[in-house]
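*Asks:* Residues per chain are reported as follows:
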Amino acid sequence: GQNIDQPTEMTATEGAIVQINCTYQTSGFNGLFWYQQHAGEAPTFLSYNVLDGLEEKGRFSSFLSRSKGYSYLLLKELQMKDSASYLCAVRWGYHSGGYQKVTFGTGTKLQVIP
Amino acid sequence: SAVISQKPSRDICQRGTSLTIQCQVDSQVTMMFWYRQQPGQSLTLIATANQGSEATYESGFVIDKFPISRPNLTFSTLTVSNMSPEDSSIYLCSVLDRVYEQYFGPGTRLTVT
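Protein chains in written order, with this note's numbering: chain A, 1 to 114; chain B, 1001 to 1113.
Please keep in mind that the hints were generated in silico from the structure rather than gathered at the bench. Be aware that one or more of the hints could be misleading.
[What the hints assert, rightly or not] List of simulated lysine-lysine pairs, DSSO-like, C-alpha gap at most 27 Å: (1) K1065(B) <-> K1007(B); (2) K68(A) <-> K101(A); (3) K81(A) <-> K57(A); (4) K1065(B) <-> K101(A); (5) K1007(B) <-> K68(A); (6) K68(A) <-> K81(A).
[Unchecked claim] Here chain A is said to cover these stretches of chain B; the calculated rule only asks that three of the stretch's residues, wherever they fall, bring their Cβ under 8 Å from a Cβ of chain A: (7) 1069 to 1078; (8) 1105 to 1113.
From a predicted model like this one, the values you see are computed outputs, not experimental measurements. C-beta: ideal position from N, C-alpha, C; glycine also.
Turn these sequences into a full structure, and let the hints steer you where they fit.
*Replies:* Written as structure tokens, this is what we have:
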């Protein structure tokens, strides 16, 4: 099966930097997503990492190490509106036969305080 | 990016009845999924909706309870059958586009009384 772990909750200060970690154990790994989800809303896509390394997109960056089964989402210059749940999700499966799935972690609830 | 709409956005249903949720995508997509998100929880994959064939269900979900249709590459339905209060949840349609970015519909909030 697929096993994805994230911290349940985190608190950080407005203007600071926060790193949300995600570890996974999966077979047929193809890539890792990060999503932001505000309460009562659908998840919105933040990033997708396929290769090892850091990908930067504005205030948000995502890192992947496939050998370690590890990823993190880095949020810089935190704003109050960044208070949300952040979901790590692993895409896995096998290209032959087009078998692909995405499995989600339990999510990390981030609270940004003044 | 794909734009996804779902109908209804919310509903309150009596136990023992069934509800069909529709998902419409503005472009043709190969991979379409149905998820459930219970209050305070993360997303759980119900099934992969396959065009022109039976859906592929995850462990704990069966076709009799959650029949799925996918008549073409832009549309799918999920039916929640013989509902009980435990089925109260948000049901989300999702697609993977050609560059493997995943997008979600706005969700259907179901309450079973």
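*Asks:* Check each numbered hint from earlier against the structure, then list the numbers of those it violates in ascending order.
*Replies:* Checked against the structure, the hints that fail are numbers 5, 6, 7, while the rest are satisfied.
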